[in-house]
Amino acid sequence: SQELEQSPQSLIVQEGKNLTINCTSSKTLYGLYWYKQKYGEGLIFLMMLQKGGEEKSHEKITAKLDEKKQQSSLHITASQPSHAGIYLCGADPLYQGNLIFGKGTKLSVKP
Amino acid sequence: GAVVSQHPSWVICKSGTSVKIECRSLDFQATTMFWYRQFPKQSLMLMATSNEGSKATYEQGVEKDKFLINHASLTLSTLTVTSAHPEDSSFYICSARAGPGGELFFGEGSRLTVL
Chain U
1 SQELEQSPQS LIVQEGKNLT INCTSSKTLY GLYWYKQKYG EGLIFLMMLQ
51 KGGEEKSHEK ITAKLDEKKQ QSSLHITASQ PSHAGIYLCG ADPLYQGNLI
101 FGKGTKLSVK P
Chain X
1 GAVVSQHPSW VICKSGTSVK IECRSLDFQA TTMFWYRQFP KQSLMLMATS
51 NEGSKATYEQ GVEKDKFLIN HASLTLSTLT VTSAHPEDSS FYICSARAGP
101 GGELFFGEGS RLTVL
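Protein chains in written order, with our numbering: chain U, 1 to 111; chain X, 1 to 115.
Treat the hints as calculated values from the structure; they're not laboratory data.
Check each hint, because a few of them may be wrong.
[Claimed, not checked] No more than 25 Å apart at the CA atoms, straight line, and that leaves these computed lysine to any residue pairs for SDA-like:
| no. | chain 1 | residue 1 | chain 2 | residue 2 |
| --- | --- | --- | --- | --- |
| 1 | U | K36 | X | T32 |
| 2 | U | K103 | X | T17 |
| 3 | U | K106 | X | L112 |
[As the list claims (entries may be wrong)] Stretches of chain U that chain X covers, calculated by requiring three or more beta carbons in the stretch to come under 8 Å of a beta carbon on chain X:
| no. | segment |
| --- | --- |
| 4 | 53-61 |
| 5 | 65-73 |
| 6 | 79-85 |
Nothing here was measured: the structure is a model prediction, and the numbers come from that model.
Every residue gets a Cβ at the ideal spot worked out from N, C-alpha and C, and that includes glycine.
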């Protein structure tokens with residue numbers, strides 16, 4: 001079965017700093033999702049990547065999928081307190097929508 | 001954008017009772033919905049795939065007689081936790097896809113506390 005490992009598990013950054021979160025898969029990724037979750041709340045869809053080498057950006061968040069489609073990174077530029085939360089990567093191994101998730105990366109942004 | 005709504009947001013019940021959680025797709029039809037469970041400070045674990053008009057598909061280790069799933073219409077799936085026990089206390093989240101290969105939208109989640 002496919003497993004996703006996220007790193008780091010937690011991250012504390014100063015406001016305005018850049019940061020990167022990584023998601024590594026044990027198998028080839030066919031559909032990689034990034035979500036943000038505040039503890040105890042639902043998931044907010046950020047981006048979905050499918051093609052090797054694909055890169056997408058939304059506001060100050062950029063996500064990339066490597067050429068081999070086994071690793072994705074999420075980069076936040078000039079972090080703000082509003083970026084704080086738990087970032088989850090999810091894979092869709094059967095391309096049917098039943099995602100498996102990494103354990104998440106908890107991001108705290110200090111003002 | 002598409003919205004998936006869950007109800008109730010939180011519920012407290014006594015041990016031994018049953019609790020029903022609803023998941024609705026508000027502006028699209030979903031032939032398939034997914035139910036996840038999340039324990040405190042842990043990631044989401046897929047419980048089952050809810051299929052409109054047919055039986056749900058459960059993940060290994062999930063008791064189908066305990067977690068009853070009904071997908072009676074294209075916009076509604078329900079999860080019933082039967083004879084709930086304190087160990088069933090968790091955060092339950094549903095998701096739905098607006099079309100093949102499309103974005104997956106998640107509900108706001110339902111927090112169940114069993115006393």
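Consistency of the hints with the structure:
no.: 1; hint: U:K36 to X:T32; verdict: holds, 22 Å
no.: 2; hint: U:K103 to X:T17; verdict: violated, 31 Å
no.: 3; hint: U:K106 to X:L112; verdict: holds, 23 Å
no.: 4; hint: 53-61; verdict: violated (count 0)
no.: 5; hint: 65-73; verdict: violated (count 0)
no.: 6; hint: 79-85; verdict: violated (count 0)
The earlier numbered hints that this structure contradicts are 2, 4, 5 and 6.
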